[in-house]
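Chain A is already provided as a structure; the job is to place chain B on it using the hints.
What follows is each chain in one-letter form.
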Amino acid sequence: MIEAVGLTKRYGAKTAVDDLSFQVRPGAVTGFLGPNGSGKSTTMRMILGLDRPTAGHVTIGGHPYRDLPNAPRQVGALLDAKGVHGGRSARNHLLSLAQLAGIPAARVDEVLGVVGLQDVAKQRSRGFSLGMGQRLGIAAALLGDPQVLLFDEPVNGLDPEGIHWVRNLMKMLAAEGRTVFVSSHLMSEMALTADHLIVIGRGRLLSDMSVTDFISANSADFARVRVPDDGPGERRKLTASLIEAGGRVMTEPGGALRVTGLPLPRISDLAHGCGVRLWELSPHQASLEEAYMRLTQGLVDYRSTDDAKAGLVEPLPQDPYGSADGFASPEPVEVPQEGWYAPPPPVPGRAPAAAPAPSPAATAGPAPAADAVVGPSSAAAVAEPSSAAAAGEQTSKDLR
Amino acid sequence: MASVPAVLTSEWTKIRSVSSTTWTLVAAFAVTVVMGAALSALLNATFDDLSEAEQATFDPTFVSFSGTVLGQLAMVVFGVLVVGTEYSSGMIRTSLAAVPQRGTFLLSKITVAGALALVVGLLTSFVSFFLSQAMLGDRGTDIGAENVLRAVVGGGLYMGLIAIFSMGVAAMLRSSMLSLGILMPFFFLVSQILAAVPGAKSVARYFPDQAGSKIMQVVPDALNSDPAPYGPWAGLGIMVLWVLAAVLGGYLVLKNRDA
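Protein chains in written order, with our numbering: chain A, 218 to 617; chain B, 41 to 299.
So here's chain A without its partners, still in its complex pose:
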């Protein structure tokens, strides 16, 4: 159990972590989400007693980290995959850490096997890839068989197989009743791994709830309806009929309709009732990534100033805050989007042909997760600003 109370860290005028209070419970994977520079790593370092909080405190099992008896046996942490002397072999690195906690050398070989580095154990870590470095860091965290585990961006640099492995490892560790605290800036990754989410932005707590709650609070389903292009009449007729039945309708740039509030069979029935043919009737779910972007929007520290992509942070069509016009007007409201933007797919990371996905796991399937890890190049193809990922591309000036 990790407990932070009013945790605050200031570096001069900049407040990295601002009055953060949360609890991380055992037996679950708790995701720690936030854009780059939101204070995740600083919080992690404060938990480990490396940085001193300006105010507030954080305890593990009721003790400040520095007062824990034999800390390495109780808390394992992966902070920085490159935090290894490049000239030292993987095995010696782990051995030196093991000796600190009185862990036998046999355990070193054991964890090397667990993370799959046994073949390179005697090699200098300088030649390791980022993924191998992450594995070595994870091995170091597992060394003392601790009840509390902290991982700072563990999937960075891992290949899809490695990501899958880390995901299962976290779940397994949590299932054994351990406290697992994982930071990430990838919502899609956390949606698959975590049971509980703590979201911060600019050092402040934005959300602290279970993934299930987060999904139901933030995801929104809609149906895309496409009618033949032979004149606006059909579309108007269908729109009127849908609104009458209690649905909300918006148009997408390609001419398709986004319908919310009506189940798919009902839409089909209504279309049949008013004699309109349908070319497309497909279910869609706004991804968690999108919900997360919306949550942290405006709290991103590093964002490109070229706002070509910022325009893509669209208010969702099914915006819960007002837009009552959508109901009243017989003419469907335009989905606000940039003209140049290729219409489908409007949902990040999903092909238009993607099957309906009720579960969060399927929503942000392995493919988008892997994409997001690969880098901003793939992100450009999806309708998200991916400003965090793309921060390097542009000047990093805060818009606000």
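None of these hints come from the bench; they were simulated from the model.
Do not rely on the hints blindly, as some may be mistaken.
To be verified - Subject to a maximum C-alpha distance of 25 Å in a straight line, what follows is the list of computed DSS-like cross-link-like pairs (lysine-lysine):
id, chain 1, residue 1, chain 2, residue 2
1, A, 299, B, 241
2, A, 339, A, 299
3, B, 295, A, 231
Structure of chain B alone, referenced to chain A:
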């Protein structure tokens, strides 16, 4: 709470598992011994060219440690790297997460590395002495002669202390590059030059290397060097004070700064 023996064991593993340890210590040994022997041979051959004052204060023991001027630089590198690579690699966070008691961590590291430097320093000192005496031939001295053993052991202590001083400085500056950038020119140039400048002499003689090197002299004011207001042991004492100050500074920085 990580126990002290555990931290010592761990630090020993760290030190023996990087090749920079071997290279710097071998370099310290080889440079000191070879240069000491070479200069001894040279002085032996050109003894008649020395001034009368220099001949009068000829100190065969001190001459055999001529290589220390260069050899100590390798010791500086060793000391700086032992501490500095923790910072440059980021290993410091892993280390401190494992040993939250920062004092224990730093002192164990310095103990292990310092002891190793001391052992190598003593070995260097004795080998250097005997080889140089062989080069000096008739003008050489004997280990049994008065104060010679003190000077030879002192030469080893000097090397070890230089390494520990460097560790303290590296812990204060938290960077290998910065520490080397300051210590190397200081020991190789600044200190040597200031010791020769009339006005600065009286200050420079209290620098750690100037004060500490007095322990290696058997003949007072060897080779017509400037007389110092302190004896060999007091000189070493001054050096020890410098070392303590550096280690204390390093400890305070480590204790109070975020890792």
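Tested hints:
The straight-line distance between the Cα atoms of residue 299 of chain A and residue 241 of chain B is roughly 46 Å, outside the 25 Å bound, and the hint therefore fails. About 17 Å separates the Cα atoms of residue 339 of chain A and residue 299 of chain A, which keeps this hinted pair within 25 Å; it holds. Between residue 295 of chain B and residue 231 of chain A the alpha-carbon distance is near 23 Å, which keeps this suggested pair within the 25 Å criterion.
Hint 1 from the list above is the single one not met by this structure.
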